[in-house]
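Given the structure of chain A, go ahead and fit chain B onto it with the hints provided.
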Amino acid sequence: MNFLTSLKISAMGMRAQRKRMDIIASNLANIETTRTGKGGPYRRKIVVMGTKSIENFDSVLDSQIQGPEIEAVVEDQSPFRKTYNPSHPDADENGYLLKPNIDLVVEMTSMMMARKTYEANISAMKTTRTMILKALEILK
Amino acid sequence: MTDSLSYGNTLRVLKDAIRVTQKRNTLISMNISNLETPNYRGKDIDFKTAMDRAMTPGQNVRLAKTDPRHIDIASDTGIDVEPDEEEGEWNGTNWVNVDHAMMKLTENSLLYRTATDLLLKKIALMKEVIREGGR
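Quick mapping for you: the protein sequence lines, in order, are chains A and B.
Heads up, the first sequence is in the working numbering, so the first residue is 1284 and it goes up one at a time.
Heads up, the second sequence is in the working numbering, so the first residue is 625 and it goes up one at a time.
Calculated from the structure, these hints are not laboratory results.
Since we're looking at a predicted model, the values are computed, not measured.
Any given hint could turn out to be false.
Unchecked claim - Keeping only pairs whose Cα atoms sit at most 30 Å apart, straight-line, the calculated DSSO-like set for lysine-lysine is:
id, chain 1, residue 1, chain 2, residue 2
1, B, Lys689, A, Lys1335
2, B, Lys746, A, Lys1423
3, B, Lys639, A, Lys1399
4, A, Lys1321, A, Lys1365
5, B, Lys745, A, Lys1423
6, B, Lys667, A, Lys1291
7, A, Lys1302, A, Lys1423
8, B, Lys745, A, Lys1417
9, B, Lys745, A, Lys1409
10, B, Lys672, B, Lys689
11, B, Lys667, A, Lys1417
12, A, Lys1328, A, Lys1365
13, B, Lys672, B, Lys639
14, A, Lys1335, A, Lys1399
15, B, Lys667, B, Lys639
16, A, Lys1417, B, Lys751
17, B, Lys667, A, Lys1409
18, A, Lys1423, B, Lys751
19, B, Lys672, A, Lys1409
20, A, Lys1291, A, Lys1399
21, B, Lys672, A, Lys1291
For reference, chain B alone in the conformation it holds in the complex:
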């Protein structure tokens, strides 16, 4: 994305926030869809840890290549998917808790909304600057 010199860090942070929430949405959807799968354990990303890692330069985990001809794998791998510790409650079939998953879905969606709204605001500000500066 854009250079931090001219636009500040906002765009990059927002991009990361959107990426993490998007990925998290997939995982929460997966937990909900596996509500009835025996022995299934929910997966999740810790938003804070993922954001911390995304915002620290040089911290992105890259896969080691055993052969230089191997194709590079995108830096998207910096996000760790872990078994969800909080919903470790056995319900007779598996470890997924529906109310917990729905709550997370809503919470994550709100975070996503916040990030996109902020991004929109930032873009509107940049447009304003360009328009006024051109007068």
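So that you can see chain A by itself, here it is in the shape it has in the complex:
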């Protein structure tokens, strides 16, 4: 276990949040998409976070050190939003149009959470960096 492990872990956290941002951006961009390749409106996607041990042969005991990782991206199975819009080509016979099950507020909130977590990881990385530089000063 050393400083490089700290940096690696912070990097893993940043990567997970960045990937999560991709998914949130995709949800936000498709908030009005009513046609997809699979048919029907776009379904909201959610990331599932898990942990991953850092593989390091020279310190097997450090296997307790676990960084976050995106394990899967799943589709939110909640019902679609139903709006009345008979003139839309994708509307059903009663004039109702199904729109993606995306809530703007929810997406914005998770976006802020992702950003804050990303920033927290950067702070941790900066602290580690300061410590490394301090250690190098001993050599002077």
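Then chain B, alone, in the frame of chain A:
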């Protein structure tokens, strides 16, 4: 490291302090990076206990070997990693508390700075002694 007869205990204690804070930094970084991981429980080292153990000779925990041909594992295992008791507050996703973790990160970094600064001071003193003694 150096023999305690000629240099005193300072270097050894500082070395241990640096080692413990370094390890702690990794754990705190890990807690911060897992802020959004469901069901994650923060881990930490108790600085005082770790230092007490490191400074008491013969207290370092060694792993038992079931075969003499097994490779020795470094005495680094003397530091216990435990679930963090203080941040045992469920926030809906997991048990990590961001302000608490950031505070610990800063506190630990300051401890590290103190230890390295003291080490630098000690080395400067030793250099001074060598230089003046050689005159």
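A quick look at each hint next to the structure:
| no. | hint | result |
| --- | --- | --- |
| 1 | B:Lys689 to A:Lys1335 | holds, 28 Å |
| 2 | B:Lys746 to A:Lys1423 | holds, 13 Å |
| 3 | B:Lys639 to A:Lys1399 | violated, 35 Å |
| 4 | A:Lys1321 to A:Lys1365 | holds, 19 Å |
| 5 | B:Lys745 to A:Lys1423 | holds, 12 Å |
| 6 | B:Lys667 to A:Lys1291 | holds, 17 Å |
| 7 | A:Lys1302 to A:Lys1423 | violated, 41 Å |
| 8 | B:Lys745 to A:Lys1417 | holds, 13 Å |
| 9 | B:Lys745 to A:Lys1409 | holds, 25 Å |
| 10 | B:Lys672 to B:Lys689 | holds, 29 Å |
| 11 | B:Lys667 to A:Lys1417 | holds, 25 Å |
| 12 | A:Lys1328 to A:Lys1365 | holds, 19 Å |
| 13 | B:Lys672 to B:Lys639 | holds, 15 Å |
| 14 | A:Lys1335 to A:Lys1399 | holds, 21 Å |
| 15 | B:Lys667 to B:Lys639 | holds, 23 Å |
| 16 | A:Lys1417 to B:Lys751 | holds, 19 Å |
| 17 | B:Lys667 to A:Lys1409 | holds, 20 Å |
| 18 | A:Lys1423 to B:Lys751 | holds, 12 Å |
| 19 | B:Lys672 to A:Lys1409 | holds, 25 Å |
| 20 | A:Lys1291 to A:Lys1399 | holds, 19 Å |
| 21 | B:Lys672 to A:Lys1291 | holds, 27 Å |
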